[in-house]
Each structure stands twice: as structure tokens, then as C-alpha cells.
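Number of protein chains: 2
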Amino acid sequence: MLGLMNASVFEMVAIWGVLLIAFMGLGYALFLRKQVLAHDKGTQGMQDVWNAIRTGADAYLSRQLKSILPLILVLTGVLFFSVYVIPPSDEALKRFSNLTPDLVRLIVGLGRAAAFVMGAFFSLTVGQFGMRMAVEGNVRVASASRRSFAEALKIAYRTGTITGMLTDGLGLLGGTLIFIIFGIASPDVLLGFGFGGTLLALFMRVGGGIYTKAADVGADLVGKVEKNIPEDDPRNAAVIADLVGDNVGDCAGMAADIFESYEVTIVSGLILGLALVSITGELKWIVFPLLVRGIGVLSSIIGTYLVKGSKKEDGKGQDAFKSINRGFYSSAAISIIAFLFLAHYYMHEWRAFFSVAMGIVLAIVIDEITKYFTHTHHAPVKEIAGSSRTGAATLILRGLSIGLESSAWQFIVIALTIMAAIVIYWGQPVVFILYGVAMTGIGMLTLTGNNVAMDSFGPIADNANGIGEMAHLEPKARQIMADLDAVGNTTKAITKGVAIGSAVIAAVSLFGAFLTDVTKVQAQMGIAESLRLLTTGIRVSEPIVFVGLLIGAAIPCLFSSLMINSVARAAALIVDEVRRQFHIPGLMEGKVKPDYKKAVDICTISAQKELVGLALIAVLSPLLIGMVLRVEALGGFLAGVIISGQLLAVFMATAGGAWDNAKKTIEDGLYGGKGSEAHKASVVGDTVGDPLKDTSGPALNPMIKVINMVSLLAAPIIIHYRITNAGVIISIALCVVVIFGAILYSKHGVLSFRKKSEVGF
Amino acid sequence: MLGLMNASVFEMVAIWGVLLIAFMGLGYALFLRKQVLAHDKGTQGMQDVWNAIRTGADAYLSRQLKSILPLILVLTGVLFFSVYVIPPSDEALKRFSNLTPDLVRLIVGLGRAAAFVMGAFFSLTVGQFGMRMAVEGNVRVASASRRSFAEALKIAYRTGTITGMLTDGLGLLGGTLIFIIFGIASPDVLLGFGFGGTLLALFMRVGGGIYTKAADVGADLVGKVEKNIPEDDPRNAAVIADLVGDNVGDCAGMAADIFESYEVTIVSGLILGLALVSITGELKWIVFPLLVRGIGVLSSIIGTYLVKGSKKEDGKGQDAFKSINRGFYSSAAISIIAFLFLAHYYMHEWRAFFSVAMGIVLAIVIDEITKYFTHTHHAPVKEIAGSSRTGAATLILRGLSIGLESSAWQFIVIALTIMAAIVIYWGQPVVFILYGVAMTGIGMLTLTGNNVAMDSFGPIADNANGIGEMAHLEPKARQIMADLDAVGNTTKAITKGVAIGSAVIAAVSLFGAFLTDVTKVQAQMGIAESLRLLTTGIRVSEPIVFVGLLIGAAIPCLFSSLMINSVARAAALIVDEVRRQFHIPGLMEGKVKPDYKKAVDICTISAQKELVGLALIAVLSPLLIGMVLRVEALGGFLAGVIISGQLLAVFMATAGGAWDNAKKTIEDGLYGGKGSEAHKASVVGDTVGDPLKDTSGPALNPMIKVINMVSLLAAPIIIHYRITNAGVIISIALCVVVIFGAILYSKHGVLSFRKKSEVGF
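Chains as they are written, first to last, in numbering that gives the first Met the number 0: chain A, 0 to 760; chain B, 0 to 760.
Bound-form chain A, shown alone:
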């Protein structure tokens, strides 16, 4: 059974136990849902706003589904037929040794296609269901804040936990299910699962990111800057779009992003674990990551349930933060103790434990770095705020400098993490070290339930605050919501660091899986030992690999540039629309309601427009590089993507976050407070930072992983496919044309837009 020939009874029970835990996680999410829904939705006015947000969010999701469905269908077909290009692995034949090879091929093909659909569907569910719950939670938090801070906090956090447990539960469910069915052959199928998840996450991040910032920047530019009316003012036509944006960007986008890291670390962990199984003959290397994940889900359930506001009415913000942290550290403590037992009684060795523990340490270190660079209490944000006194230019410069510095540190931290894996597996073959890095990724995402809960808490509190403003709640309730909102901003910022860090570690372990996989395929094809990748390596000293490295480094630059432009274009359309509506007679006096739906539609449509082009860059570029420049150059390409992607992702997230908080410190009264020249400068910084930290920066996480995932999937095909020398030249031309066709497309977009709009950016 399980195709795991030498599995012990404990292992059998444990694996089914993990499946059970996955269902427990999902059950806990449903239980919380019932709890949250039991709360009241407040006044009619509040429900109206809530209804508008809900409709807008649903419209966005169904529209997005429509635009990506064709691509999903095509790719499902491609994945199914891929087994007819490259036969299934030896492991698959071994797993189903009682069936004919043709039947095995069919099963693996179907499995891979089904896993792809499942990965995509789960990712979509995490995003969609989580977001719907957030919308339900918003209004209930607003309503509860009329009664007490503790109740509002509890509802907000538990609503966030629903998304968190969905991420955990579905990720674990998918991985374990595939493992139970396909056993040692599961990598063949897991790739489909991982690819489905990453691709959907890319869509959610890109679409959600453009949506949220187009609405936000557009609303602010006309409302706050031109008309001088407050944020979330009901007369602003883009205000509902802005609230919807918080949900589709911060909530759905972030959840899908983390879900995907959660998925791909298990994919690479199992691929690398399998390599160790074939070296050592011990099954524990692939069972271990699943058990670690199971423990994580259990401890998240316990830890998140501990979070609740105290009954005291003083120091609420501080108190809420403490309570959320208490939950987090409880989960962490439970996990570590359980890992110790696992290492001692099951693994009978400590290296795997150290790798996983390293992941938890890494999460904490990245947290601290993120906090240092973006938190109002530390020097960087203070310096940025201080530079506002000499104007916007010096403030921007300081932010750029701080963003770059944080990138440097993140590089060092990731480098030290890999060094740690080298030290832990000193003297072992490379594949052990790669496995160690993958386990660090698994460890880092152990407390995904808590992390996503903390993250989703942010937009929920933010939206509740918006509903409060629009439904004109009483000052006491508004104050409670403002406090919650402030807590949410901090928790949201912290998880952003973890999302980037885990993306890079996940990408590095995918890179490791790529190497191992290519070597395996090369071995199966009878390619001589001395030519196999893990023996010869990806040599940047080979000019063609260096070419790959350079082109790889170009992709994140291009991608970020296009993302920033997309936001700018969409925001310009919103500016036009809001300006137009302000001219409607009676609107400024509050007698006529603006047409919120129009702004929502503009955001929805704009966000879809760019989706497919950007996704194609991520999907096609590794294929073309692999086909034209061969598999070793593809390795260089992946390294280039990781390096430049990490540099830009961290730079953008940090600079954006730091500008945001610098503005907040000034709004809290520093250097003249709101309305001062310093404040105006800080608003410029914040507006520059917004698309960087919420659109292009975060979109790089799934992009890096999609590219790595596609390379993993395509590697066997690339090795088989041998191009003629003459074909190289033609293919190079093709390569340049296809990848950068997207640019022309985007340029055209700019030009055609320029004619339609006079907004100038």
C-alpha cells in the first residue's frame, strides 16, 4: 500500500494522521466561520456599504476567473499530454508495477492534470473564500466595535484565522492526498499541484495588486490631494473600489501568495527527500516534511484560538498586539517541542531538526529586519521622516537608500541560511544541503496559519474602519476601529517580510529540485555521469550560462516596470472617472450618491487587461531559454531571476513600507503634523511607495516561483528536445520577439490610453 514498500506501521499511521489533521484544520476554519457569522451586521447603513463591497469583490473574482479560465484549460491539456512527450519516472513505474506502462502513463497524466486543477482551485478557494469571509467579518467588526474593543478584536482576528487555516489545511490536504495515492511517484504529480497554485497566485497578486493600488492612488489623488476631502469620504466615487481593493489585494492576494509558498516548499521538499530516499534507502526523508506540516497545523489551531482581547479598556492597541503575539509564540513553542520529539524518536538524528528550526529562526530574523527598516520606532523611518523637512526629493532619496540597504541585508541573511544548511550537512553530498534548504523553507512556513491570520487581520480592520466612516458611526466606536486598524498595519507589514523571505527560500529549494530532477532525467536517458548537472553543475563560467544569468536578471526588472505602468494607467482612468463624477450637480453637497459601481468596473477591467501578458512572460521565458540555450543556461537563468527578483522585491517592499510609516509619524504630529510642508512631502513618498510595496514588489514573489516551477516541469522535455545549430539562431530571434512583444503591447496600451485620457500618467 501507498507504494511505500518499506513503510513502518508508525509511518502509515502518521501519514493518515496528517491527512486527518488537514481536515481538522479545515473543520476549524468552518467552525470559526460559524462563530463569526453568528455576530450581527449592524445598522442598515453599515449593511449597505458591506453589500457594495461584497458585490464589488465578487464581480472582480468572477471576472478574473473568466479571463484566466482559457489559459487554465489550455495548460491542463498541456500537462496531461506532457506525459506523452516524456514518459513517467521510474518511480511511477515502480509504484504501479502491477499495471502496464501505458496505463501508468495515463494515470500519471491524469494525476498531473488533476493536481494542476486542484492546485489552482485550492489557491482560488483560499483567496476567494478568505476574501468573502473578510468581507463578512468587516461589517461585524464594525458593529462589534460599538460595544467593545475585545469583541471587535476577536472577530477580526478569527475572521483572519479562517483564511489562515484554509491556507494551511488545503495546502496540507493536497500534498498529503497526492502522496497517499502516488507514494514514491508523487513528484510526477506534485509538480502539477505546485504549478496550479503558483500560477493562480501570480494572477491573484498581479490582478489584485493592480486593482487595489489603482483604486487607492486614484481615489487619493483626486479626493485627498485635489479636493482636500478625507480618505473614505462617501462622496468619492472610488471609495468602494478602494475598500474592495484592500480585500482583493491584501487579503486574497497575500493568502494565495503564502499558500503557494506553502505548496512549493512541500513539492521541492518531497522531490529532494525522494532523492535522499534513493541514496539512503530510508523512507523517513519524505515522511518528515509531511509530519512537520501536520504539527504546524495543529499548533496553529491551538495558538490562534488563544487570541482574544482583554477586558481592560486601557492600552488597547498594545494589548491586542500582545495577545496576537502570545498566540504566535504559543504555536511556535508547541511546534518546536513536537519537532524535538520527532527528531529523537522518529528521525533518530538531529540535522533535520536543525534545518526546520533554522526556518523558524529565519522567520524571526526577517521579521526583525523588516521591523527595523519599516517600523516607526527605529532609525530608518525616523531618518526618512526627518528628511521630509527638506522636501519630497530628499525624502524619496532616503527611502531609496534604505530600501537598497535592506536588500543587501536580506541577501546576507539568505546567504547565511544556505551556509547553515552547508554546515549542518557538512561532508554530505550536495543533495543533502539542498534538502536542508527545503526543510528550512518548510520550517519557515510552519506557522502559516498564524501568519495569514495576522495578515488578513490588517485589511479586515482597515475595511471595518472604512465602513465606520461611511456609515457615520459614533466617535467611541470609530476610535476603537482606528486602534484596530493601527494594529493591523503592523501585523500586515510583518507578514510581508515573511512572504518575501519564504518566496526566496522556496525559489532556492525549487532551484535545488530542478538540479536534482534534471540529473535524474539525464541518468534515465543514459547521459554520462560526467555530463549530468549535479556533477558538472550550472557553470556561470560557461558563456552561455552567463547569458542565461543576464537574461534572467532582466525579467524581474521588466516585470516590475510593466506592473508600475499598469497601476499608473489604471489609476489615471480612475482619476478621470472620479473627477467626472465630482462635476455631477449635488454630489459635492452629499445630495446625490456617486456611481461607485463605475469605478469598481474600471478597476476590475484594468486589472484583467495586463494579467495574461505578464503571466505569459513568466511561463514562456523559461521555456524559450531552455529550448534555445539548453538546460544549463536555464539554470543560469533561474539564478538570475532569483537574484534580481529578490533585490527588487525587498527593495520595493521596504522602501514602500518605510515611506508609509514615515508619513504616519508625521501625521501623529512630528514636524508640524497634518497639513504641514513636511506632511505633503511624506504624502509624495507614500504615494510612490504604494504601488511598489503592494503591487510590483509582491507580484515578484509568485513570478519567481512560477518561473522555477515551469522550469522544473519542462526540464525533462528540454533535455529530450535537441535543437539544430541553425535552429538556434531562429529561436533566438523568436525568443526576443515573444518575450518582449509584451513590451510593445504595453507601450501600445500607453499610447492608446494617452489619446483617451488627459491625466498624464
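Everything labelled a hint here was simulated from the structure, so no lab data went into it. Hints are not guaranteed to be accurate.
When chains are identical, the list treats them as one kind, so a pair holds in a single copy or across two.
[Unchecked claim] Below are the DSS-like pairs computed for lysine-lysine, each with C-alpha atoms no more than 27 Å apart in a straight line:
hint, residue 1, residue 2
1, K679, K226
2, K679, K223
3, K679, K663
4, K33, K590
5, K673, K226
6, K381, K608
7, K491, K663
8, K283, K93
Following the hints, complete the assembly by docking chain B onto the known chain A.
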């Protein structure tokens, strides 16, 4: 003779001919100097300003020399004694086969140390002498502009040409001299020459960059923004410092930078050429690059002498640009024809010709890309200008997006260049391809004389304009100078692209030289074939190499961040000083002259402060990585530095240039012209862009090359030096402490400064 055992008579004559050409280049520079100095210096008022600039520039240079002299002395000693750690190469023993090994060692040691001093001295001379000439030229251009545009143009361009020919002549002189003395052993010594040049260039770029932008930003923030007085207003205490800054940054810094690229391409060309000599037994591979260089100098002499303004008085700017271009294309045509002869009659093959021609093509392509992204006539700058209508934030965003896009394209262009080398040397060993890349670098810098002339023309015209403003010249003369200034801005921008492009190509060919050299040393040490670098390669698939890659990528981020901070700190001090002086009674009324010297002193001292710390990062980081993580990881480190360095250098230069020109188009009347809201937004963009494009971006060029150069020098020592496993851990700690000690140092700088100044950034 020459140690070139099988050199033909033609080769002998040709090499001595090249030496003669080097002297001709220098003679031409002296001839032009005499021509320029023969012109009059204008009125007493003009001479006063000129005197102030001259004194300031001299003070800066002598102060800088003082602060770097200790480091130069220490390094000279280190280079001399390095031969006692690692014995000279087999080629050196062969070259001086009539001497005892001990004597050869002494000769090589002395040669290397002397070459280092020569490289440093030449670099300093190019910067210092070129800058002095620029200062002499400024006042004469200002004076001539009272008479005619054609005369002013001629003086300005010829003054620039002096620097250009110095760069050419000294670079060629040094390389050829070493080659004549040391023959096949010259790489041993050339490394010293290259290192001296790169290190000084780094100092000039860093010091000059900080100086020029501290003065510029500081002067503008108080003068233009706070007090609303025009640029170059004599009441502004920082105005002389600003004019000095143009010379030390754009003139001395750029010339030293290009000189260094010129040098290191010949260093790597000769190292790689020597590898080909030992493979093919043909001497032509090392003689060819010298001949190409000689041809370049000759054609630059002819081409630059053709540039003169026409007698017509209409369309002057257009005309001047045409004339400068005519000179450039004449030089290019002469070179290409001569290369053809060389390929046919000497090389008897076409591949080397194609490589060199590829360099010229590359220079043109990079020119075009730079123009597209930064010129006012093209979409990017128009888009940035357009985005000014929605404020500074959207303008900054657009600039960031365009900077990133241009980085992507530059990566592609460099990748295609390497691809071209692969195609040209299809089927040959890797070292041929690396040689091809080096020849492309040589080709790209063929017309260095013209390029530097075009570049220096910029600050000369700019300074003349400043002198005109301060000495209150008549409107007609002022108009001529303004036209010249506009031409200068364009030519300056174009050479900036070439400087970055050539830096990257030079770095890649140094990387190639590193690989070849390491393999050679490994072979000499009897390290098994399978472990030699060119056989096994720099494998990023090895975790430790990936660690090197990550740390390498961190360095340019850190470096840029520190540079931006340095400018900000120094500018703040200037702001304080200028504000203080504005309060002196009678100054605003023009009755009392401000104390220009004080501002000059502040800039000079600030620029020195950061020099040594930043240089140490560049010098020590490769040593530490090499020692601790070994030579293969050092290879990864170099790749990381190149990738992230290029990304940031191009991004910063392009964004900065585009913002600058967007501001100019608005000042020319677009969107309300000067004083409009759009103009204010564009001034913010320009101020952000200034330190990026003139300080941190350009400083990355020499930094990348210094790191590569140090690695080349240290490689044999690193291979010899074997660290114990226990020592690894200690060294890692040491590594982190030393490299990032600089950060603390800088942080401390910020903190201590904060107490002294209230300027806030």
C-alpha cells in the same frame, strides 16, 4: 628581444609603432593645450570667478591625494611582497630565462609595484590634468562666446579633447610599455597597472560624485527652492562649490572612469590573448589588441581635429551637434577600415575583426538605448513629463519604471553581445569566447578620445555658462553659452551610457581573465584537471557558490545605499552653511560677498570622509569571500556583483537622466513651464535623480571593476591558502564584521551629524 621568441619583424615594428602612437596622442594633447591657452581669459570679473574655481578644484585634488596616499603606499608594498607569497608565473621565468629565479621574482615584484603606482598616477593625471585644463578652458570659452559661437565651440571641444587624448595616450603608453619590457610575462605586471587605475578611478568617482552632488543639491535646495533665486546666483555661498563640483565629478571622475575601463580591457585582453598564444602557438592574439588600440588613437586624433563650428549663425546647437558627430563618425570609419586591413593582412582571419566591430556596434546600440530612454524627443521622457501633471509622486513612479525597463534592455544587449562572441567562436574552447568578449570591450573603447572629449565638453560648457552668469556677461554671449550648455548636456548623457556599458563588458572580460588565470595557477600547482575551474566551472548549483552569488549581489546595494546617504549628509551640511551665510547682513542685497571658500571646504572634507570606507568594501570583500568560501565561491561572488551592479548602475543613470530631461522639457514651456505645479513636480524628480545619476550610479562602474581586479590579483594566493574547517566559522564571523562594519561607521556618522545639524536628512 621582448621575450617574444617567435615575433615577426612586422610585429616588432608594429609594437614600437604603437608606443610611438601613444606618444603622438600625448603630443597632440599638449599641442591642443597650447592652442587653448593662447586664447584670452576675458575680463577681470571673469578671471576672479575662474580663479575661485581653480583654487577650489586644486584644493580638492590635493586634499584627496593626501587622504588616499597612505592606502596607496600600503598597497604598493602589498603588491611588491605578493610575489614572495606566490612565485611569478612560468612565463616570467621563461621571459627572463637568463636570470636566477630569485632575481626574476624581484623584477616581477618591482614591476608590479611600479605598474600599480604608474596606473594610479596615470589615472590621477588624466583626472587632474584634464580637470585643470577644463578650468582653463571654461573662462576662455566664456570669453570667446562674446565674439562667436564657432570659436566658443572649438575651444570647448578642444579642451575636452585634451582630456580625451590623455586618457587614450596614457592608457596605451602604460600597456605598451609593460608589454615591451615584460613580453609574455606582462600579465604578472599588468595586473598592478590595472589595479592602480581602477582604484584611483573609484576614489575619483566616489569623491567627485559626493562633492559635485552635495554642492549641487545643497545650493539648489536653499537657493532655488527656499529663496527662489536663480541657479549660479553669486549671492549663493555654494555657487563656486557647485562649479568646482562639475569639474571634479563630470570631468575628472568620468575621465578616470573611462581611463580605467580602457586599461582593464587591455589587461584582460592580454591575459586571455596569452592563453590563446599558449593554445595556438601564434603571437598575434596578444599583438592584435595593442594594434587595435593604436589605430583607435590615430583615428581619434584625426576625427577630433575635424570638429569646429560653422561660420553660419543659425541653428547653432544643431550645427554643433552635427560637427561633433561628424568627427565621431570620421574616426569610426577610419578605424573600421584599418581593422579590415589588420584582419586581412595580419590576422589572416576574420573572427577577431568581428569581435572588435561588435564592440563598435555595441557602443552605438547602447547610445541609442540611452538616447531612447533619456532624450526629450522620445516616449519615456515625454511620459515622465506628462505624469508631472498629477504631481511629484506619479512622476517619480514613472521614472522608476523607466529606469527598470532600461535595465532590462541593457541586460539583454549585454547578453546578446556575449551570444555574438559565442557564435563568432562557435566550436572553439571557452577561452576563445572570453577573448572575443574582451576584444568587444577593446572595440567599444576604440574611440575613447572622441568619447571623453564629448563628455568633458559638457562640464566645460556648463562652467562657462556659470562664469557668464556670475560675471554678468551681455545677453548675446549668454545665449551662445546657453546653447553650448544644451549641446553639452546631450553629449554628456551619451557618454554616460558608454561608460556603463564598457564597465560591464570590462568586468565580464575581467571575469573571463579570472577564470583563465585561476585555471592556469591550478595547473601550475598540479591540481588535477577535473578540479580546475575552466574544466569544472563556477557552479552556482554548488550551494557555497550560490552563497557567493547572493553576497556578491548584496555589495552593490550596500554601496549605492551608502553613497546616497553620503550625498545627503554632505548636502545637509551645505544647506546649513548657505542658510547661515544668507543671514549675513548685506549679503542678500549683493553688498557683501559670500564666503565661497567655506562651502568649498565643506564639500572637500565631506567627500574625503567616505572614501576609504567605501574603497575598503570593494578591496576587502572579494579577499574575505575568497579566503573563507574559497575560489569557486569567489567566482559566484563576482557574478553576483556584476549582475546587481549593472542592474543598479543602469537603473540609476537612466532614471536620473530621464527626470533631468523631463524637467527641461517642462522648463521649455510644456504643461505651464517654469513655476507651474508641473514644474515643481519635475524639480523633485530632478533632485532625486541627481545623486543617482551622478554619484551612486557612476561609482558602481569602478567598484565592479575594482572587485574583479582584486579577485584576479588575489586568486593565486587564495588557491594556495587553505583554511581549516574550524577556521571557516571564525572567518565567516570576521567577514561579516569587517564588511558591514562600514555600515555602523556610516550609521554613526548619521547619528553624530544629526546632533550637529538640524537639516533633517
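Since the copies are identical, ignore which copy is meant and state whether K679 and K663 lie within 27 Å (CA to CA) inside a copy, between copies, both or neither. Both ways: K679 and K663 sit 12 Å apart in one copy and 24 Å across, limit 27 Å.
Given a CA cutoff of 27 Å, do K679 and K223 count as a within-copy pair, a between-copy pair, both, or neither? both (11 Å within a copy, 19 Å between copies)
Are the CA atoms of K673 and K226 at most 27 Å apart within a copy, between copies, both, or neither? both (16 Å within a copy, 24 Å between copies)
Within a copy, between copies, both or neither: which one fits K679 and K226 at a CA-CA cutoff of 27 Å? Both: 14 Å inside a chain and 19 Å across chains, each within 27 Å.
27 Å Cα cut-off: does K283 pair with K93 within a copy, between copies, both or neither? Within one copy only: 19 Å inside, 60 Å across.
At most 27 Å between CA atoms: does that hold for K33 and K590 within a copy, between copies, both, or neither? For K33 and K590, neither the intra-copy (39 Å) nor the inter-copy (81 Å) Cα distance is at most 27 Å.
Copy assignment of K491 with K663, given that the CA separation must stay at most 27 Å: within (15 Å within a copy, 41 Å between copies)
Is it within a copy, between copies, both, or neither that the alpha carbon of K381 lies no farther than 27 Å from that of K608? Between. Shortest inter-copy distance 24 Å satisfies the 27 Å Cα cut-off; intra-copy 39 Å does not.
Violated hint for the displayed structure: number 4, the only one.
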